[in-house]
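Two chains, two frames, some hints: make the complex.
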Amino acid sequence: MKAGIVTFPGSNCDDDAYYALTHLAGFQGERHWHKSTPDFSDCDLVILPGGFSYGDYLRCGAMAAVSPIMESVKAFAGKGGLVLGICNGFQILCEAGLLPGALARNSGLTFSCQDVVLKVESNQGPWTNELTAGQTLTIPIAHGDGRYVIPEAEVERMRSRGEILLTYQNNPNGSVGDIAGVCNAQKNVFGLMPHPERATDLRSRDGMKIWRSVVNFLEKRRRS
Amino acid sequence: MKARVHIFYKDGVFDPQGNTVSQALQRQGFSRVASVRMGKVIDVEMNTTSTEEAKRDVQKMCDTLLVNPVIESYQIELINQGKG
Chain A
1 MKAGIVTFPG
11 SNCDDDAYYA
21 LTHLAGFQGE
31 RHWHKSTPDF
41 SDCDLVILPG
51 GFSYGDYLRC
61 GAMAAVSPIM
71 ESVKAFAGKG
81 GLVLGICNGF
91 QILCEAGLLP
101 GALARNSGLT
111 FSCQDVVLKV
121 ESNQGPWTNE
131 LTAGQTLTIP
141 IAHGDGRYVI
151 PEAEVERMRS
161 RGEILLTYQN
171 NPNGSVGDIA
181 GVCNAQKNVF
191 GLMPHPERAT
201 DLRSRDGMKI
211 WRSVVNFLEK
221 RRRS
Chain B
1 MKARVHIFYK
11 DGVFDPQGNT
21 VSQALQRQGF
31 SRVASVRMGK
41 VIDVEMNTTS
51 TEEAKRDVQK
61 MCDTLLVNPV
71 IESYQIELIN
81 QGKG
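One line per chain: the protein sequences are A and B, in this order. Oh and the first sequence: position 54 is 54 in the working numbering, straight run, nothing missing. Oh and the second sequence: position 84 is 84 in the working numbering, straight run, nothing missing.
Quick caveat, the hints were computed from the structure, so don't treat them as lab data. Model, not experiment: these values are computed from the prediction. Among the hints, erroneous ones may be present.
[To be verified] Within a straight-line C-alpha distance of at most 30 Å, the following computed DSBU-like cross-link-like pairs (lysine-lysine) qualify:
id, chain 1, residue 1, chain 2, residue 2
1, A, Lys79, A, Lys187
2, B, Lys55, A, Lys187
3, B, Lys60, A, Lys74
4, A, Lys209, A, Lys119
5, B, Lys10, A, Lys74
6, B, Lys60, A, Lys35
7, A, Lys79, A, Lys35
8, B, Lys60, A, Lys79
9, B, Lys40, A, Lys35
10, A, Lys74, A, Lys209
11, A, Lys2, A, Lys187
12, A, Lys119, A, Lys35
13, A, Lys2, A, Lys79
14, A, Lys187, A, Lys35
15, A, Lys187, A, Lys209
16, A, Lys35, A, Lys220
17, A, Lys187, A, Lys119
[Stated by the list, open to error] In silico negatives: residues of chain A with every beta carbon more than 12 Å from chain B:
id, residue
18, Asp42
19, Arg59
20, Val66
21, Glu71
22, Lys74
23, Pro100
24, Cys113
25, Asn129
26, Thr138
27, Asn173
[To be verified] Label pairs and their calculated CB-CB ranges:
id, chain 1, residue 1, chain 2, residue 2, range
28, A, Gly55, B, Gln23, 27 to 37 Å
29, A, Arg203, B, Asn19, 28 to 38 Å
30, A, Ser41, B, Leu25, 27 to 37 Å
C-beta atoms are modelled at their ideal positions from N, C-alpha and C, and glycine is treated no differently.
Isolated chain B (complex conformation) (with noise of 0.2 Å):
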């Protein structure tokens, strides 16, 4: 089981980075983009089969480590190997 970990500064918080690649993409002529949000993706391999253990353990390190809840929110997603 690998559950995917996606963590973004949370709605409220200012991300310089997509801030900076959106007006990059509008000088493009992309203006279409309304607003670009980068964040970060962690895949954490996990040895179990069960999708519950899986994300009571990964909401855990969510909370202790993964994840700092003052700035920024997230969401595990979780990929059952056997079906790629």
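Excised from the complex, chain A in its bound form (with noise of 0.2 Å):
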């Protein structure tokens, strides 16, 4: 299995990233320059990592929202590829439009960082497989633009559509309906502000849960 992990100027866990999939996930890691417009088809992942791209100018992801690497990622999730955005990746993927509604600055105003406790409210699709409806994590947050805004119907709709996978049990930026996480209606994108890729060695292993989901659901996707 390959993952493709895309650097943009800024990015700082880039290297996390490629850590914990090539070492403890399987995978082979690829790693791809911003400027760069690779053919991601054979790739089973693209990861946009988190960090700090383009300084947070302008607003957090909307400038390697239009970065050149972004048309490559746009067709390989076009063709159902998957895509994990992770924190600034997150914002990134809600900045270019793969991904419904948008991240504000924290309403506490504090930059969080700390492990928080999140719900796993579905267990459908590649990202949450291997865990169950109402299962917690364990997984650290460190941002301070990581409040999720789309209007309280659309949270209703998404939910029902089980595109919500995780919510923090003690809210820690103000997002709307607790989310922590969300993915597209096909299921193949996936956005979430904690970060899987720093929680699977030292105080929490819960990011590897999230890991062992996708590789299972490209193994099954493989032998189907």
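Structure, rendered in structure tokens:
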């Protein structure tokens, strides 16, 4: 299995993602600079990592969303390829229109850097199938702009369609519906503010449950 | 021609910076402060003297990059530099 990991100027979790995927989750990793336009069709997963791409200029993720490599990411996602955005990667996916909603400044003004308890809202699809709905995970967050915003009516629609995958037990940023991670209608694009690549060995290994879900999904898809 | 774009969080989207500044002003005795909203201003110098062209281009810039319509609203102000 092959994972493409994108680096934008200001990405700082790309090494962590590479480490988790290649050393722990069993992927072959392939790094890509944002100015390239690779053909991701031989990849099983593309990751937009955390960080502060373009120094968060204009809005978090706004500049990265119009980087050349995003055309490759959109083409890959359009063919059903798995795309994961972590933290800044989540912001980029929203800015690029690959996920609904937007991430605004935390309601409490502080940069929030802590372990948080997440509740699995849905275990349908590629990202959480190794988990059960209602199960909790402990995974760290580290962000100043993680308040998920979308009209209330959309929250209900997304919930009913299983597009809300993770919620916070104690909302750290004012996100509507306590939302921590959402996927698109096709479920192949997933964005979350918490860092599963950082919950793989030290205080918590719960991030591995998400990586194992992805591996499980890809292996099943390959066999079918 | 200069285009000045004023961008704010939409009504209904909580503005934590504005809220904090508002509270600080009230604490300092400015009791008539009802609320504060903070936004940003972007000046775009345009190589055109046509108001129509400038407006059309900047509108498109706002729709494609400068503004996120999910959380932000904006106003475009066109400044004719001949008049300062």
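Hints breached by this structure = 2, 12, 16, 19, 20, 23, 27 and 30
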